[in-house]
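2 protein chains.
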Amino acid sequence: MSQRRYAIIGTGGLGGFYGGRLARAGRDVHFLLHGDYRHVRDCGLRVDSVEGDFVLPSVRAYGRAADMPRCDVVAVALKTTANHLLPELLGPVIADDGVVLVLQNGLGVEEQVAEIVGPDRVMGGLCFLCSSKVGPGHIRHLDYGYITLAEYDSRHRPRGITQRMRAIGGDFQAAGIRINYAEDLVLARWKKLVWNIPFNSLSVMLDATTDRIMANGHSRALAEGLMREVAAAASAAAGRETPEAFIQSQLDDTARMAPYSPSMLLDCRAGRPMEIEAIFGAPLRAAAGAGCLTPRIETMYQLLKFKDEANQRGTAF
Amino acid sequence: MSQRRYAIIGTGGLGGFYGGRLARAGRDVHFLLHGDYRHVRDCGLRVDSVEGDFVLPSVRAYGRAADMPRCDVVAVALKTTANHLLPELLGPVIADDGVVLVLQNGLGVEEQVAEIVGPDRVMGGLCFLCSSKVGPGHIRHLDYGYITLAEYDSRHRPRGITQRMRAIGGDFQAAGIRINYAEDLVLARWKKLVWNIPFNSLSVMLDATTDRIMANGHSRALAEGLMREVAAAASAAAGRETPEAFIQSQLDDTARMAPYSPSMLLDCRAGRPMEIEAIFGAPLRAAAGAGCLTPRIETMYQLLKFKDEANQRGTAF
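For the record, the sequence lines run as chains X and Z.
Here my numbering = 1-based position in the first sequence + 11.
Here my numbering = 1-based position in the second sequence + 11.
Simulated from the structure, these hints should not be mistaken for laboratory data.
Quick caveat: nothing in here was measured; it's all calculated off a predicted structure.
A few of these clues could be false.
Straight-line alpha carbon distances no greater than 25 Å define the calculated SDA-like cross-link-like pairs of lysine to any residue that follow [stated by the list, open to error]:
1) X:203 with X:178
2) X:144 with X:55
3) Z:90 with X:229
4) Z:203 with X:306
5) Z:203 with Z:251
6) X:203 with X:283
7) X:203 with Z:306
8) X:90 with Z:229
Full structure from sequences and hints, please.
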């Protein structure tokens, strides 16, 4: 039985699902909450999942990071739009030899954490998950769930598969979560962007799930054009190659899968801020820095920025 | 007093306004109608206009082109989405020495008419007008109204300002319509696209009027990027130059003008087909034929095509 203590920084659809699974499997898990802190403290967590519903009537819930114990694995499960809060959230929680597991979307998120806790205490976790919070302490897991783990390197080199990756991965596997190990975090991040950039932006701007985007010849061609620009940016900005066969398999897999609402579409429909800077802004800046033109991505970014600002003006916070 | 007889092919917001003004000024005007033919035949036309409301209790209304007399000036005021009807509409109406005045948006519309009536009987009319039909036989003119006239040339050469341009222009001027004369139809069409391509597409995809597009730094930058691609396409595909100062003045004028809903936004909101092929498809094909890359325009085209098809699926016709 593992002695590792876990912190879940941000108990939403993602943090609530993974943290809930770890807790159900007997791990020592400490949940940081915001809006529904009192509810979860008093009533626990409920997870409705395609892999089986469960309730945790009593969980270790916190309303402030300063009240949490030091943890060996601090899982960052906030939306990147809240990353300005990370300095105050991570400092009190991470154990001296602990690691921050960044379960966020986009590019450059591990760098932000490394600036706070140092480069040797950062691991990337790329989540392929469809899950959302539908009420206080109430998570609905709709599909997928696997995580790709990879070590962060301050000079962006592949770090291979380390012992602590396998240790943490083992805890998740014991909780029924499928884990992949990647040798190269940078490549894994860019490969995920190959899917995330087209389907997050098109789903929002067309208000459509993946099946409708793939069924229309024009939006499908645009998705493919966006994928090629991401691949060109990965090559120019990071020296990482995402082969043509990978792009084709991403398109084919998306055409075959059940209608899917990317996270940005869910955020937009719910009036929440969208993760535009992490998923679009950071890759665009990397491409521009390498002299790589990405006009289609830039166009989608500009459209999304307008939409996000209009959404946020219309929403009370 | 002019003896020219006018036909208005399509009595919507545009045809009803210009035709109504000509009729009010005493011209002999014959209106082709579709949905509201009986209403206009029995009750006439009503035009609510920022330049003064008026009612024409009795107008020459027709439900079929075959019933119309031969006319000296046949003004095409249909949406380009109905241009497949032109062969049957123009043939019975145009006098032997008559001219078809193409009051439509986009590129290549005069070519379509020239194929039907021959290249010497075609004149272009570029309308800067905000007007729509708000009920049977009821037009609402909100702003603008001037027309730029230019002769069509089958080899795309500037044809200068002809006597028949001045004759027709004089009839419109006598009806209180401001007229510009352009020597080069091709240049005039591309210059209009410099505005129409960014603001029609952005207004639809962002569901926003021009003031909001200009007030947001991201959408304003995208409008400028689209304008530059149109200018590059005009240069490569047609050898026409739209100088940097023209682009800047278009942006500045748009920022200064009252909130404006481009025609494509009005069509989209009303569930009507959008004029995507005339305003986007034809320029894109011209650019591609000249080896000119226009990825931003192509992106907007692909988004609009999805939106239009979704709109039309949701609408009963």
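Hints, one by one, checked against the model:
{"no.": "1", "hint": "X:203 with X:178", "verdict": "holds, 24 Å"}
{"no.": "2", "hint": "X:144 with X:55", "verdict": "holds, 14 Å"}
{"no.": "3", "hint": "Z:90 with X:229", "verdict": "holds, 22 Å"}
{"no.": "4", "hint": "Z:203 with X:306", "verdict": "holds, 23 Å"}
{"no.": "5", "hint": "Z:203 with Z:251", "verdict": "holds, 13 Å"}
{"no.": "6", "hint": "X:203 with X:283", "verdict": "holds, 22 Å"}
{"no.": "7", "hint": "X:203 with Z:306", "verdict": "holds, 23 Å"}
{"no.": "8", "hint": "X:90 with Z:229", "verdict": "holds, 22 Å"}
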